[in-house]
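Going down the list, the protein sequences come from chains A and B. In the numbering used here, each residue carries its 1-based index in the first sequence increased by 41. In the numbering used here, each residue carries its 1-based index in the second sequence increased by 852.
Hints in this document: simulated from the structure, not taken from any laboratory. Some hints here could point you the wrong way.
Said to hold, decoys possible - Capping the alpha-carbon separation at 20 angstroms, the derived lysine to aspartate or glutamate pairs in EDC-like fashion look like this:
1. A:Lys62 x B:Asp970
2. A:Lys61 x B:Asp999
3. A:Lys71 x B:Asp972
4. A:Lys61 x B:Glu1029
5. B:Lys888 x A:Asp78
6. A:Lys43 x B:Asp999
7. A:Lys87 x B:Glu916
8. A:Lys43 x A:Asp68
9. B:Lys1026 x A:Asp48
10. B:Lys1018 x A:Glu47
11. B:Lys1026 x A:Glu45
12. B:Lys1026 x A:Glu63
13. A:Lys43 x B:Glu1000
14. B:Lys1027 x A:Glu49
15. A:Lys61 x B:Asp970
16. B:Lys1018 x B:Asp999
17. B:Lys976 x B:Glu916
18. A:Lys71 x B:Asp966
19. A:Lys71 x B:Asp973
20. B:Lys888 x B:Glu1005
21. A:Lys43 x B:Glu1005
22. B:Lys1027 x A:Glu47
23. B:Lys1033 x B:Asp898
24. B:Lys1026 x B:Asp999
25. A:Lys62 x B:Asp972
26. B:Lys1018 x A:Asp48
27. B:Lys1026 x A:Glu47
28. A:Lys62 x B:Asp898
29. B:Lys888 x A:Asp68
30. A:Lys87 x B:Asp898
31. A:Lys87 x B:Asp902
32. A:Lys61 x A:Asp78
33. A:Lys62 x A:Asp78
34. B:Lys910 x B:Asp898
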Amino acid sequence: MKEEFEDELRAISPFLANLKKEGNKDDVFKVPQNYFDTLADQIIEKAQAKEKQAYPLSKKAIQEAPTMAKPHFLELVREWIESLLQPRYALGFATALVIAVAGWWFVNNRNVALPVESEMAQLSHEEIHQYITENIDDFDEELILKNQELADTEGDINISDDDIQKYLEENIDEKDIKELENKL
Amino acid sequence: MKEINDEHILDLLNNQGTYERGFRLLMHTYQEPLYKHVRRLVVSHDDANDVIQNTFIKIFRNIERFEGKSKLFTWLYRIATNEAITFLNSKNRKETDTLDDPNGSYVAQSLKADTFFDGDDIQKKLLQALATLPDKQKAVFNLRYYDEMPYEEMSQVLDTSVGALKASYHHAVKKVEAFFKGVEID
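Based on the sequences and whatever the hints tell you, model everything.
What follows is the structure, given as structure tokens:
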């Protein structure tokens, strides 16, 4: 045992250091007769069998295989078109074509949802009025009143006192004036 | 001496015409120490034979992956150790009896029936003690205690830092000593 290994072991466990020094029999493991003489043959045979399984053709055979002449480009195109017309490919090709045309039509004809604002802008006043009249019950009263107030304040109210006086004279009779005076 | 042999072996392996001769020389040089290393880990000859065959078949098919960054011997040890640990893990999964062998009784039984074991009671008890260690700690103990491998080389074989290996060896020695003295240790 080399000194550095013995010193290290003794520092950790003097018991094991002594055990190793006294009885370190190195050949406790036996092997069958001629085991190491035949091991290389067995391994090479197995490794080569595995290689043959993985690569049925030897590398040499692949390297020595005759190479085919390269066909001309136009010849390749012609062969490709012919192959598409073969019955086994034609059905698949036709199906793919139908799907492609249907897809193109769908993409180009589908109704694209427009933003609400742009759709509203396309409606006439009459249409809006008609819709509101028919569906007035569906509208939230508070929302209508709020919008009405906003509309009133947004518009320019430019009425003179004379116009108000004139409106009252035309639309209110003596009886109404007396009623108003009583309320005040 | 071994470095010169390694160079010669690698030269032969680099040439397709001399590949097989190179491989035979490699096996002739390293089969016995590798077998011993594997046998200490898996104990029975049949298991060691399976592991060593797989190891050398892998070496035969992948020698071009040896980049020369470590010694050839270290690279071979690494493959053999990985192969043995994979084997033990697989065996532990298949045979639940051996999964938990806290007192090494399974190994003791195996050695009793093993006609290829020629050790005395102390050797048997040492193997029983080793059977109680985790597989990687067992490999650390074997490489240091039996093969007297420097920590730097062990680091390449087991892909573990030198510090971690020193700690692992220390712990393994303490566990083996405790096994002999019949004391429990964490």
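Please work out if Lys87 (chain A) and Asp898 (chain B) have their alpha carbons no farther apart than 20 angstroms. Status holds; Cα separation ~17 angstroms.
Within 20 angstroms, alpha carbon to alpha carbon, are Lys888 (chain B) and Glu1005 (chain B)? The given pair, whose Cα atoms are some 18 angstroms apart, holds under the 20 angstroms limit.
Does Asp68 (chain A) lie within 20 angstroms of Lys888 (chain B) when you go C-alpha to C-alpha? holds (9 angstroms)
Given the proposed pairing of Lys1018 (chain B) with Asp999 (chain B), does the C-alpha separation stay at or below 20 angstroms? holds (15 angstroms)
Just to be careful, I want the Cα atoms of Lys61 (chain A) and Asp78 (chain A) compared with a cutoff of 20 angstroms; is the pair within it? This hinted pair is violated, its Cα atoms lying about 30 angstroms apart.
Next pair to validate is Lys62 (chain A) with Asp970 (chain B); report whether the Cα-Cα distance is within 20 angstroms. Measuring from Cα to Cα gives roughly 19 angstroms; hence the hint holds.
Sort out whether Asp68 (chain A) lies within 20 angstroms of Lys43 (chain A), counting only the CA atoms. Roughly 19 angstroms separates the two Cα atoms, so the pair holds.
When you check the alpha-carbon spacing of Lys61 (chain A) and Asp999 (chain B), does it fall within 20 angstroms? Measuring from Cα to Cα gives roughly 12 angstroms; hence the hint holds.
Is Lys62 (chain A) close enough to Asp78 (chain A), meaning Cα to Cα at most 20 angstroms? Status violated; Cα separation ~31 angstroms.
When you check the alpha-carbon spacing of Lys1018 (chain B) and Glu47 (chain A), does it fall within 20 angstroms? holds (14 angstroms)
Could you grab the alpha-carbon distance between Lys1027 (chain B) and Glu49 (chain A) and see if it respects the 20 angstroms cut-off? OK: Lys1027 (chain B) and Glu49 (chain A) at ~16 angstroms, within 20 angstroms.
Distance restraint between Lys1018 (chain B) and Asp48 (chain A), which requires alpha-carbon spacing of 20 angstroms or less: Holds - the C-alpha atoms of Asp48 (chain A) and Lys1018 (chain B) are around 14 angstroms apart, at most 20 angstroms.
Hints 17, 23, 28, 32 and 33, counting from the list given before, are not met by this structure.
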